[in-house]
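A.B. asks: What follows is each chain in one-letter form.
There are 2 protein chains.
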Amino acid sequence: MRKIAILGIGQTSVDEHWDKSLREIGGEAAFAAMQDAGADKVDALFVGNMLAPLIDGQNQLGTFFSDWIGLWHREAIKIEAACGSGAAAFRAGLMAVASGDIESALVVGVEKMTDKAGHDVTAALATAADADYEVEQGVSFVGLNALVMQRYMFEFGWRHTDFAPFSINAHANAMHNPFARLHEKITVERFEKSSMVATPINLLDASPIGDGAAAAVIVPAEKVASMPGRPRVVVAASASATDTIAVHSRKDPLFLSAAYDSAKRCYEMANVEPKDIAVFELHDAFSIMTALSLEACGFAERGKGVRLGLDNEITPAGRVPICTRGGLKARGHPVGATGMYQIVEVAQQLRGECGKTQVDGAKIGMAQNIGGSGASIITHILKAE
Amino acid sequence: MRKIAILGIGQTSVDEHWDKSLREIGGEAAFAAMQDAGADKVDALFVGNMLAPLIDGQNQLGTFFSDWIGLWHREAIKIEAACGSGAAAFRAGLMAVASGDIESALVVGVEKMTDKAGHDVTAALATAADADYEVEQGVSFVGLNALVMQRYMFEFGWRHTDFAPFSINAHANAMHNPFARLHEKITVERFEKSSMVATPINLLDASPIGDGAAAAVIVPAEKVASMPGRPRVVVAASASATDTIAVHSRKDPLFLSAAYDSAKRCYEMANVEPKDIAVFELHDAFSIMTALSLEACGFAERGKGVRLGLDNEITPAGRVPICTRGGLKARGHPVGATGMYQIVEVAQQLRGECGKTQVDGAKIGMAQNIGGSGASIITHILKAE
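If you read the protein sequences in the order shown, they are chains A and B. Take any residue in the first sequence, note its place counting from 1, add 85, and you have its number in our numbering. Take any residue in the second sequence, note its place counting from 1, add 85, and you have its number in our numbering.
There may be inaccurate statements among the hints.
[What the hints assert, rightly or not] Below, computed lysine to any residue pairings styled on SDA-like, alpha-carbon distance capped at 20 Å:
| # | chain 1 | residue 1 | chain 2 | residue 2 |
| --- | --- | --- | --- | --- |
| 1 | B | Lys105 | A | Lys201 |
| 2 | A | Lys201 | B | Arg244 |
| 3 | B | Lys336 | A | Trp157 |
| 4 | B | Lys105 | A | Trp157 |
| 5 | A | Lys349 | B | Gly185 |
[Stated by the list, open to error] Computed Cβ-Cβ distance ranges for the label pairs, DEER-style:
| # | chain 1 | residue 1 | chain 2 | residue 2 | range |
| --- | --- | --- | --- | --- | --- |
| 6 | A | Glu353 | B | Glu307 | 35 to 45 Å |
| 7 | A | Gly383 | B | Gly314 | 43 to 53 Å |
| 8 | A | Gly223 | B | Gly446 | 55 to 65 Å |
| 9 | B | Gly185 | A | Glu240 | 22 to 32 Å |
| 10 | B | Gly185 | A | Pro263 | 52 to 62 Å |
| 11 | A | Glu353 | B | Asp125 | 19 to 29 Å |
No wet-lab data here; the hints were simulated from the structure. Idealized CB from N, CA, C, for every residue including glycine.
Start from the sequences and build out the full structure, keeping to the hints where you can.
C.D. replies: Now the structure itself:
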């Protein structure tokens, strides 16, 4: 496959942007990425979004944004894979440039979620699960994750408090990310006393929703070979895999097979091993997903993911730095945008732009975006050259 | 770009499939295409759909269908470009195979629209228009097309009855297509007396919605060079273009610039001219769109598209055969599936499988799928070899 470089990146803060429309949020990230790339045109636009039809009454976000940002006449489409929409759009853009049919693409992940009441958003998010066999039975998305977390704790003997380091690390890192939704340090005590959402998931196990957009401009790597001033960030690997859509259909609901499949393919493509990954932006929608992601991707043995947090290995100075800009937990989780935030954040690490949460000498980073409860997982490995 | 062949095609009838779920309809078309291709696995699944989040409460149709049809572990995503979702998914699949990252793909366009009340469907379809600047003002999709048709009649001096041949041809051709929604011949008299929907669009200017799915299996062309028994159908060109999302933003609302742009690019890629196109499956959601499509794609001069119908040039025996399987008007318009029906139907023509509406010696065909009121248009040229 043709080698692709990330020429520019951009993002908005994740927040309750009640003063900005869907258009304005997506446009802001798009323009930031174009400016960072020094580009005034691209051949095509790929938009990752999950909820605009349900929350904003707006479909066809490809044309919606190509029109708004002035990419008239260009190709534009929307990709949806629930909370994995952002990385799915990035991968679709990669494929298009790699095919040789186009020579540049802008990928935008965007979501505006806070203009509706909470129960409407909960119902909209449930469309990621199986409508006939999960949602019809009354289960919500957090409910599904709570069942998985209960089983994990029972199976491997962990207590709820053992998950605290995941959230503490995410909140600590977000303190230094101006784009993060939450700027608030937390402690083990606060984690333990936080309000219950769905046993055993409490408020500090769960990521906050939000409005936000993140974007990147991609081009064939040979076109930026000589770019001065900062390392060239290239896509060393891209892979996507699925599991069953319903959690109850899985042989082992505690194993993220699609994370395993897509990460394995990426390791082979990039010719690296987990130990070579300097930074891993994983999909910590709930603290249980952090443990399962670390295990499925080869950073910990089955049932031992929690140990990495307890041993202080996950901080920017640790052996397996995760959520270095706050992760879903504290940067926030504007669902269809999240995958692009992860790509942008890994690129920032590889460029050495992360200040107090910079991972020293990071040359290889991985981003992993999950749609549904592990149903669709897209993994990318980026490299600084 | 790597040359791609269509190895297999499949479709369900377009109907009110109240006895079948979204899963079953999509699965039926997918299995038909896989069987026709003689394939039991593909590397990836691309699903085109517009309305499932709004009508069926189901997002993430990629994994939803990869799970249902047994493509476990494989990659699967959904593409949405309003009524252009089907062809947008086909193009995304083409790009992925052309990139060399995957070696085969199944593309399914699917829509289940008839389980909701008419006003719900009308509201859901309006999400293809501009939510802030069109829909908020109370305009529906048929309303937008009615304004365009009024202006066209005023500008170029045509009467409503002059559009009758488009609908008559579509209905006549659908008589011989077992998958068509309507099997009912119509006359000029009936066309003239049909119930008004939004002046000047009456019931026989408008395509019926429906439930349906159509699918194709695509692979690199070199893999089927020696396939026996029927001509190899290859993709000679693929292009996608956008216009403004709102009709009122266009300099000229009577010109489908995205049809022009994408068709022009396809003619160049395939090295053909309009006169070389033996069959043209265009997007006749409303009769006015037929005239505008014929003009933008170079089959008629500006304001003269209607003349092709009046001169009897659009029938299977004519100079510019269109809607040879019934078109949106009579095969039906299950919105996110329509683009894949068009691909399947052009492939059927190139294989010589269309019986009484077969275009003699058809070797080159074009399919054109429109999202919104001309906002996003995807064109493909297929060739029999």
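A.B. asks: For each hint, tell me whether it holds in the structure or not.
C.D. replies: Hints and how they fare:
1. For the hint pairing B/Lys105 with A/Lys201, the CA-to-CA distance comes to about 33 Å; that exceeds 20 Å, so the pair is violated.
2. For the proposed pair A/Lys201 and B/Arg244, the alpha carbon gap of about 46 Å is over 20 Å, so the pair is violated.
3. Between the alpha carbons of B/Lys336 and A/Trp157 the distance comes to roughly 12 Å, so the proposed pair stays at or under 20 Å and holds.
4. Distance check on the hinted pair: B/Lys105 and A/Trp157 sit about 40 Å apart at the alpha-carbon level, beyond 20 Å; violated.
5. Only pairs whose Cα atoms come within 20 Å are accepted, and A/Lys349 paired with B/Gly185 is accepted, the gap being roughly 18 Å.
6. Between A/Glu353 and B/Glu307 the beta carbon distance is about 24 Å. The supplied range of 35 to 45 Å is therefore violated.
7. Checked against the given bound of 43 to 53 Å, the beta carbons of A/Gly383 and B/Gly314, roughly 47 Å apart, stay inside it.
8. Range check, A/Gly223 to B/Gly446: about 59 Å between beta-carbon atoms, so the 55 to 65 Å window is met.
9. Distance hint for B/Gly185 and A/Glu240: a CB-CB separation of about 41 Å, inconsistent with the stated range 22 to 32 Å.
10. A hinted range of 52 to 62 Å for the beta carbons of B/Gly185 and A/Pro263 is inconsistent with their spacing of about 39 Å.
11. Between A/Glu353 and B/Asp125 the beta carbon distance is about 24 Å. The supplied range of 19 to 29 Å therefore holds.
The earlier numbered hints that this structure contradicts are 1, 2, 4, 6, 9 and 10.
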